[in-house]
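Visitor: Here is how the chains run, residue by residue.
Protein chains: 4
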Amino acid sequence: MAPTDRIVTETTFYVRYAETDAMGITHHANYIVYFEEARSHYSRELNADYADFERAGYWLTVAEVHARYIVPTHYAQRIGARCWIEQLRNRALTFGYEIVDAESGTVCVTGYSKHICISHEGRVSLIPKSFYAAMQKGLPQEGNSAS
Amino acid sequence: MAPTDRIVTETTFYVRYAETDAMGITHHANYIVYFEEARSHYSRELNADYADFERAGYWLTVAEVHARYIVPTHYAQRIGARCWIEQLRNRALTFGYEIVDAESGTVCVTGYSKHICISHEGRVSLIPKSFYAAMQKGLPQEGNSAS
Amino acid sequence: MAPTDRIVTETTFYVRYAETDAMGITHHANYIVYFEEARSHYSRELNADYADFERAGYWLTVAEVHARYIVPTHYAQRIGARCWIEQLRNRALTFGYEIVDAESGTVCVTGYSKHICISHEGRVSLIPKSFYAAMQKGLPQEGNSAS
Amino acid sequence: MAPTDRIVTETTFYVRYAETDAMGITHHANYIVYFEEARSHYSRELNADYADFERAGYWLTVAEVHARYIVPTHYAQRIGARCWIEQLRNRALTFGYEIVDAESGTVCVTGYSKHICISHEGRVSLIPKSFYAAMQKGLPQEGNSAS
Chain A
12 MAPTDRIVTE TTFYVRYAET DAMGITHHAN YIVYFEEARS HYSRELNADY ADFERAGYWL
72 TVAEVHARYI VPTHYAQRIG ARCWIEQLRN RALTFGYEIV DAESGTVCVT GYSKHICISH
132 EGRVSLIPKS FYAAMQKGLP QEGNSAS
Chain B
12 MAPTDRIVTE TTFYVRYAET DAMGITHHAN YIVYFEEARS HYSRELNADY ADFERAGYWL
72 TVAEVHARYI VPTHYAQRIG ARCWIEQLRN RALTFGYEIV DAESGTVCVT GYSKHICISH
132 EGRVSLIPKS FYAAMQKGLP QEGNSAS
Chain C
12 MAPTDRIVTE TTFYVRYAET DAMGITHHAN YIVYFEEARS HYSRELNADY ADFERAGYWL
72 TVAEVHARYI VPTHYAQRIG ARCWIEQLRN RALTFGYEIV DAESGTVCVT GYSKHICISH
132 EGRVSLIPKS FYAAMQKGLP QEGNSAS
Chain D
12 MAPTDRIVTE TTFYVRYAET DAMGITHHAN YIVYFEEARS HYSRELNADY ADFERAGYWL
72 TVAEVHARYI VPTHYAQRIG ARCWIEQLRN RALTFGYEIV DAESGTVCVT GYSKHICISH
132 EGRVSLIPKS FYAAMQKGLP QEGNSAS
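Protein chains in written order, with my numbering: chain A, 12 to 158; chain B, 12 to 158; chain C, 12 to 158; chain D, 12 to 158.
Don't read these hints as lab results, they were simulated from the structure.
Check the hints yourself; a few may be wrong.
[Stated by the list, open to error] BS3-like cross-link-like pairs, simulated, lysine-lysine; straight-line CA separation at most 25 Å:
#1 Lys125/A with Lys125/C
#2 Lys125/B with Lys125/D
#3 Lys140/B with Lys125/B
#4 Lys148/D with Lys125/D
#5 Lys148/C with Lys125/C
#6 Lys125/B with Lys148/B
With the sequences and hints as input, model every part of the structure.
Guide: In structure tokens, the structure reads:
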């Protein structure tokens, strides 16, 4: 379940025909792409554009990805791709995801991905300050937890 | 250039990271998927849902596709996928496309695709009436051409 | 590490250009497709063709998938996709995977996927006997475990 | 039809499940990827590795692509992807393709793609000599045309 103590963004789009398979449903590998689009959207919403991140000389490489498939989705179905931060560290970051039916909110797929910040030279690096600060705004705030 | 004498629809979305390639641009095969999403959107806008089309026992198979690449697009770029009907026949249909930068309107890719209506048994068939009628509304109207 | 007490198959192929991304490496979602191709190959090697499985009225749906990314791969790199059975149950099945550099054997990505057998009507079902028997041949054999 | 007066290469592989769509056939956009893999193979066979081409500071961008769909292909079908050079110019190149059933040789899809050589700075450039010379070997040879 998406957490309630931090920012959860949702971007909606239609399942494309090319994303279906011979079972008549959305092929499972595409949800990994939906997760990615969900975190692109998350970053945009928090004003932490990932394209800038790359231009600064860093990459947020994917170290691990996990998906659990609950309910299949179909061509032309309008779905929501939710994203939040599970954990933020100096050099690493974990995103959580939920893919839902945009109408009913039914959760179809859940997952997470772990990322490590590396420089374009390949060294594990500190997440650039501005990106880190932007991400922090998505986490539970001190003041909030006291209330 | 998109025609001005008929309906042209446009759906907008961001280029996904997964759609880029090692040249740093959107991989050319993805535009074929964008074309498809553009015609899905076109059908939805004209109330001719393609999912219904399939449920009625028909497929609109792709017989031919063509794309011309003019300007590359990049990750996180907001693009518009325009679609219109080039030609509508009893058993066949040609769609035209333009992929543009959503901000500037710069045309990045153009193309077309030809489709044939076949039954699920594999026979070339008449396009179902309701779908055909919906598509006809996208074409130049008698009254219009007189003006 | 791929287990040594059971059958491990390996299919080799080149990374396609379309599978790379703007980081210049193979996009992480493609490994989920490589996993799938690895288990297709596994089934073929054990004479348990999955296309037959579907024609018999069943699907082996994906319930869960996990990937760990260790070393990136690149365009035109020849890779090996290894697959084995982690666990075989009456209605479910877990495959393990290793994606390696085909020359050096360096392990680049590891993962697993869990599957459930459902009928085309959507009911959880027993894995068809012939498929189950074929899969069993990939597991440690009684005689082996005694040695 | 593949020409008989020049080199035509063929690489074979199985249609992947992820490449199918809800029509139960290989999704049409994947053939554009097969074309690309066919020309990667062609270059390898003529000792003109495209990865080297890129490392030399050039890209062979795609200017145009066309595909004609004749017979659908299916999951696990073994197909052959044939490639040859239609036309070789100083700054441009056209490849022709045929996707066939690997067993029967039945032609399923045909197509071509036009490419332009640009430097990494984006300028239209001469195709690097070694690559050009390698490609030339694929064309009809003087001696041959005289016979």
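Visitor: Would you mind marking each hint as holding or not holding in the structure?
Guide: Each hint tested on the structure:
no. : hint                   : verdict
1   : Lys125/A with Lys125/C : holds (20 Å)
2   : Lys125/B with Lys125/D : holds (20 Å)
3   : Lys140/B with Lys125/B : holds (19 Å)
4   : Lys148/D with Lys125/D : holds (19 Å)
5   : Lys148/C with Lys125/C : holds (19 Å)
6   : Lys125/B with Lys148/B : holds (19 Å)
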